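K.L.:
Protein chains in written order, with our numbering: chain A, 74 to 262; chain B, 1020 to 1197.
Just so you know, the hints here were simulated from the structure itself, not pulled from any lab data. None of these values were measured; they are calculated from a predicted model. Misleading hints may appear alongside valid ones.
[Stated by the list, open to error] No farther apart than 25 Å at their CA atoms in a straight line, the calculated lysine-lysine pairs in the DSS-like style are these:
(1) A:110 <-> A:247
(2) A:110 <-> A:93
(3) A:110 <-> B:1051
(4) B:1032 <-> A:110
(5) B:1103 <-> B:1183
(6) A:172 <-> A:162
(7) B:1103 <-> A:162
(8) B:1099 <-> B:1032
(9) A:93 <-> B:1032
(10) A:93 <-> A:172
(11) B:1183 <-> B:1051
(12) B:1096 <-> A:172
(13) B:1186 <-> B:1099
(14) B:1032 <-> B:1096
(15) A:162 <-> A:110
(16) A:93 <-> B:1183
(17) A:93 <-> B:1186
(18) A:162 <-> A:93
(19) B:1096 <-> B:1183
(20) B:1096 <-> B:1186
(21) B:1051 <-> B:1061
(22) B:1051 <-> B:1103
(23) B:1061 <-> A:110
(24) A:172 <-> B:1061
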Amino acid sequence: SLSMSQLSRSPLDRSLLRPKTDLPLATFSLLLSEMIKYSNGRSRTVQELQSKLADFGRHIGSRSLDLLFFRERNGRRELRLKNALFLVKSSLWRMLFGKDCDDLEQSTDDERTFYFVEREPVTNRFVSFSQKADTNVNCAAFIGGVLEGALCSAGFQCQVATFFSNDVTYYEVKFEPSVLTRDRSLDSR
Amino acid sequence: MSRQSNRTADNRKVSSELLTLTYGAFVSQLLKDYESDESVNKQLDTMGYNIGIRIVEDYLARTSVRRCGDLRETADKIVKDGFKHYLGVAPTIQGMTHNEFSLVLDSNPLTEFVELPQSHANLQFSNIICGALRGALEAVHLQIDAQFVQDTLRGDPATEIRVKFIKRIEETLPPGED
Chain A
74 SLSMSQLSRS
84 PLDRSLLRPK
94 TDLPLATFSL
104 LLSEMIKYSN
114 GRSRTVQELQ
124 SKLADFGRHI
134 GSRSLDLLFF
144 RERNGRRELR
154 LKNALFLVKS
164 SLWRMLFGKD
174 CDDLEQSTDD
184 ERTFYFVERE
194 PVTNRFVSFS
204 QKADTNVNCA
214 AFIGGVLEGA
224 LCSAGFQCQV
234 ATFFSNDVTY
244 YEVKFEPSVL
254 TRDRSLDSR
Chain B
1020 MSRQSNRTAD
1030 NRKVSSELLT
1040 LTYGAFVSQL
1050 LKDYESDESV
1060 NKQLDTMGYN
1070 IGIRIVEDYL
1080 ARTSVRRCGD
1090 LRETADKIVK
1100 DGFKHYLGVA
1110 PTIQGMTHNE
1120 FSLVLDSNPL
1130 TEFVELPQSH
1140 ANLQFSNIIC
1150 GALRGALEAV
1160 HLQIDAQFVQ
1170 DTLRGDPATE
1180 IRVKFIKRIE
1190 ETLPPGED
């Protein structure tokens, strides 16, 4: 039967162009909540916990951007920094979280630093195991990891730190100098 | 506690791929943290149990339902309100007896594009679902056992969870377990 032959095909044979399925945020939140509890139980400091959550995020981010290029850009990768940042802010966020990130800003002091700004990260829906305001940051560190994984996988080496300030979540992206140098050299073509 | 958006009106969605990738990241981490596949299976079952209890809380907060009359009705609810709502897939109910039934899954969002390496032949990748079934049903005072008896991920022709009713729970149990 048709379904039997589909089942015996390797995942590599399956099409990446699939009808989009959406699930309730609750499903994702419930899973992430358990992942945070698990990681918290194996962390001695808040830093360690955030680092573990960022690790999860990186796993996801590094697998997402190429998929996006394949599906929405006909396989064409983004080579310019600002275009890549904008693509992540809009299309990647939409692909994963069902909405755009709210804002993207460049630091006024440092051309290597950009800020993604989000009022309601999808990880904010629940805060179950701690009363501290820190918990927002913990959860959003996961998204910071997604961002870092995605950008690094596309050749824009960076480090992402997550902050919470004035009710808003900031993902601070700091690029390696080589990324800026390369981008500038593309200007002159 | 938290600035949560209005719970009853919260119908935000995320892509199923986010779930797939997130779950994959987690199972990968568990495989690094634990020595044996059996330990990972157990950890997934425990986490699933906790999730199952919270799913029922979420479910009861969203809907008003009456107690199911028999096992068939329970199975139907699991499929329609459990799997269909939370995972976007509706398993078929098969092999129904007076105290057992199978849920046969055509697809599973947790395993999209997943391939199991030979080195983890004993891993029940989606065991979190069995734990969730156990936790959810315990939250409505039914003690059951749920196991994958077939999984396409492991080379079987179908993916099938066998659910066995054990007994009704009379006393209230403390929720959650570590």
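K.L.:
For a C-alpha distance cap of 25 Å, please report whether residue 1099 of chain B and residue 1032 of chain B respect it.
P.N.:
holds, 18 Å
K.L.:
What's the verdict on residue 1096 of chain B and residue 172 of chain A, does the C-alpha distance respect the 25 Å limit or exceed it?
P.N.:
violated, 31 Å
K.L.:
Given the hinted pair residue 1032 of chain B and residue 110 of chain A, is their Cα-Cα distance within 25 Å?
P.N.:
Holds, at about 23 Å.
K.L.:
Please verify whether residue 1032 of chain B and residue 1096 of chain B have alpha carbons no more than 25 Å apart.
P.N.:
It holds: about 22 Å lies between the C-alpha atoms, which stays within 25 Å.
K.L.:
Please verify whether residue 110 of chain A and residue 247 of chain A have alpha carbons no more than 25 Å apart.
P.N.:
Distance of about 29 Å is beyond 25 Å: violated.
K.L.:
Are the Cα atoms of residue 1061 of chain B and residue 110 of chain A separated by 25 Å or less?
P.N.:
holds, 16 Å
K.L.:
Is residue 1103 of chain B within 25 Å of residue 162 of chain A, Cα to Cα?
P.N.:
violated, 31 Å
K.L.:
Check the hint pairing residue 1183 of chain B with residue 1051 of chain B against an upper bound of 25 Å on the C-alpha distance.
P.N.:
violated, 32 Å
K.L.:
Given the proposed pairing of residue 162 of chain A with residue 93 of chain A, does the C-alpha separation stay at or below 25 Å?
P.N.:
Distance ~19 Å between residue 162 of chain A and residue 93 of chain A Cα, so the pair holds.
K.L.:
Do the alpha carbons of residue 1186 of chain B and residue 1099 of chain B lie within 25 Å of each other, as the hint requires?
P.N.:
Since the Cα atoms of residue 1186 of chain B and residue 1099 of chain B sit roughly 23 Å apart, the hinted pair holds (cutoff 25 Å).
K.L.:
Need the status of pair residue 1051 of chain B, residue 1103 of chain B: alpha-carbon distance at most 25 Å?
P.N.:
violated, 32 Å
K.L.:
Within 25 Å, alpha carbon to alpha carbon, are residue 1103 of chain B and residue 1183 of chain B?
P.N.:
Roughly 21 Å separates the two Cα atoms, so the pair holds.
In terms of the numbered hints stated before, the structure departs from hints 1, 2, 7, 11, 12, 15, 16, 17, 22, 24, listed from lowest to highest.
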